[in-house]
Amino acid sequence: MDSADTALARLIGARKRYGDTVALDGLDLEVRPGELLSVLGPNGAGKTTAIALLLGLQLPDAGEAKLFGRSPQDLNARRGVGVMMQEVMLPDALKVHELVSMTAAYYPTPLALAETITLAGIEKIAQRPYAKLSGGQKRQAQFALAICGRPRLLFLDEPTTGLDINARETMWATVRRLVRGGTSVVLTTHYIEEAEALADRVVVMAKGRRVAEGTVEEMRAIVVRKRVDCATSVALAAIEAWPEVSAATGTAGAVSITTTDAEAVVRRLLAADPGLRDLEVRRAGLSEAFAELTADKIPETPIEEAA
Amino acid sequence: MTALATNPVPPMPLGRVIGAYLSDAKYESLRLLRTPAFSVPILAMPILFYTFFGVILNGKGGEAVANQIFVGWTVYGVMGPGLFGFGILVAVERNQGLLTFKRALPMPTGSYLSAKLMMAYIFAIVVMAMLVTAGLTEGHITLGGVRLLELAAVMSLGVFPACAVGLFIGSYAPASSAAAFANITYLGMAFLSGLFFPISGVLKTIQPIWPTYHLAQLARASAGLPSQGSLVQHMAILAAITVVLTLMAARKLARRG
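Top line first, the protein sequences correspond to chains V and L. If you count by the working numbering, then the first sequence holds residues 1 to 307, one letter each, in order. If you count by the working numbering, then the second sequence holds residues 308 to 564, one letter each, in order.
What the hints contain is simulated information worked out from the structure, not anything from laboratory work. By construction, the Cβ of each residue, glycine as well, lies at the ideal position given by its N, Cα and C atoms. Each hint should be verified, as a subset may be incorrect.
Here are the computed lysine-lysine pairs in the DSSO-like style, where the Cα-Cα straight-line distance is at most 30 Å [unchecked claim]:
#1 138/V - 124/V
#2 124/V - 333/L
#3 66/V - 559/L
#4 409/L - 138/V
#5 207/V - 226/V
#6 333/L - 559/L
#7 66/V - 226/V
#8 66/V - 409/L
#9 409/L - 511/L
#10 138/V - 333/L
#11 124/V - 511/L
#12 333/L - 207/V
#13 132/V - 409/L
#14 333/L - 409/L
#15 132/V - 333/L
Here are some chain L residues pointing at chain V (derived, C-beta under 10 Å) [to be verified]:
#16 323
#17 330
#18 340
#19 409
#20 557
My request is simple: use the sequences and hints to build the entire structure.
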């Protein structure tokens, strides 16, 4: 079957500008059934705008946004969607279980309240007023609201910001479980390891365009660079001057080097510093791959933004 | 699982749609009841003011005065929930992103406003019930059951313009000053429309611009007290104010979200 027929959500040549700022510059994006799609990109890449178009919060200036083959502004389309947004204030006099019940009432076949509470791992905060929750607990409550409607498509915008490790693991486990159950997920995140841990497919955005797309493995393979970490007395400026080094960062003692020729760099390091310790060479993570992509295709984007 | 895409979402039965409206109204009322900044002025102030002016100070005023004071504070009390519920909350929620979140959810169209409208009704009923109880037991009012029902009917219409004024404030005022605008409007309308004591001079000339003035005339007529002007005209003006303010607010909300 043509992917256009099975895509749950699609942007086709979507353009959106705010005044002089181009937020989306002809973006094509599709979410396929059962996948976890991670959308990565520096601030201002257009990730949140892309999601706003798919949710019908805004209309594209040109191009098209489709949700389940319909307009995202169609209530019936949104009944298949769960949302966790970045900035949201909920009626904080209500208790968490009341917020879940209120949200679940919007959906045709929601989960039972107890099921949502268990699945989201919010047993301890369910009876508490939203106003009394910590930042991380609020994110957990918002996650419960996102999943309570048994959505076919779940939008998670930076979901684990402010969560402790346990809460993050719980949320990841639930997301994996939902995906196994057939839910599709669109995840935007700054935590590269989150995409590495969860995503089936990654779309990298920069300046309102898609600059790369593929599996996490494919993303890594796009860039052949490796990362060399070590503790050394060699000055950072000296390392940066070596021809094989594309970037070097670090503080006194601990250095991180990105290179296309790890062997040559290691040879130079060992020659220059017999006392070198903690040598580690690995393939660039998604973080480096991502920095590479956004930096290569869009030269104006500073690499640091990608970290 | 590819069948999901072609038949993604089961239809929402009408019962569940109605349920969503009712649930929104329930939680809107609940959250405001738990917010003292809202519930105390709305629920407690009218009965306190009425007890002070209508019961304590009006020991020897006679039944006509007693009824007059009672009707005045009833109009005041019934306007409160709509004016504050919409005025403050819409302004705050516009800023906080709650409206955006709710628009992303499959909340039924109109449920956001209908929940506030129903909340305003529920609170107005409670306020009026308290005033009637106080009036009958301590305030020496002489309105019979039929008169009180007529007054209640007029008051239930009065909730609409109150909500419209509130919605207008909430749509245009910044969140930080919406409460101040709502308070000034509330008290200003109450006093300048002659709700509690007669108005004269320039203020009397501009009296008809206040929705409370028209509502008060209808309330007085329904309670068998002397009133000014044509009842049909008062109703028409209240309806016009409600429609115009609602449309202006809707225009602003649609534009800014």
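For each hint, the structure was consulted:
1. 138/V - 124/V: Distance ~12 Å between residue 138/V and residue 124/V Cα, so the pair holds.
2. 124/V - 333/L: Holds, at about 24 Å.
3. 66/V - 559/L: holds, 27 Å
4. 409/L - 138/V: holds, 17 Å
5. 207/V - 226/V: Satisfied, since the Cα-Cα distance of roughly 26 Å is no more than 30 Å.
6. 333/L - 559/L: With Cα atoms ~27 Å apart, residue 333/L and residue 559/L stay inside 30 Å; holds.
7. 66/V - 226/V: violated, 39 Å
8. 66/V - 409/L: Within the cut-off at roughly 19 Å; holds.
9. 409/L - 511/L: Violated. Residue 409/L to residue 511/L sits at ~44 Å, over the 30 Å cutoff.
10. 138/V - 333/L: holds, 22 Å
11. 124/V - 511/L: violated, 60 Å
12. 333/L - 207/V: violated, 44 Å
13. 132/V - 409/L: holds, 22 Å
14. 333/L - 409/L: Between residue 333/L and residue 409/L the Cα gap is close to 16 Å, so the pair holds against 30 Å.
15. 132/V - 333/L: Between residue 132/V and residue 333/L the Cα gap is close to 21 Å, so the pair holds against 30 Å.
16. 323: For residue 323/L, the interface hint holds, since the closest Cβ of chain V sits about 6 Å away, which is under 10 Å.
17. 330: Holds - the Cβ of residue 330/L comes within 10 Å of chain V, reaching about 4 Å at its closest.
18. 340: Status holds, d = 8 Å.
19. 409: holds, 9 Å
20. 557: violated, 16 Å
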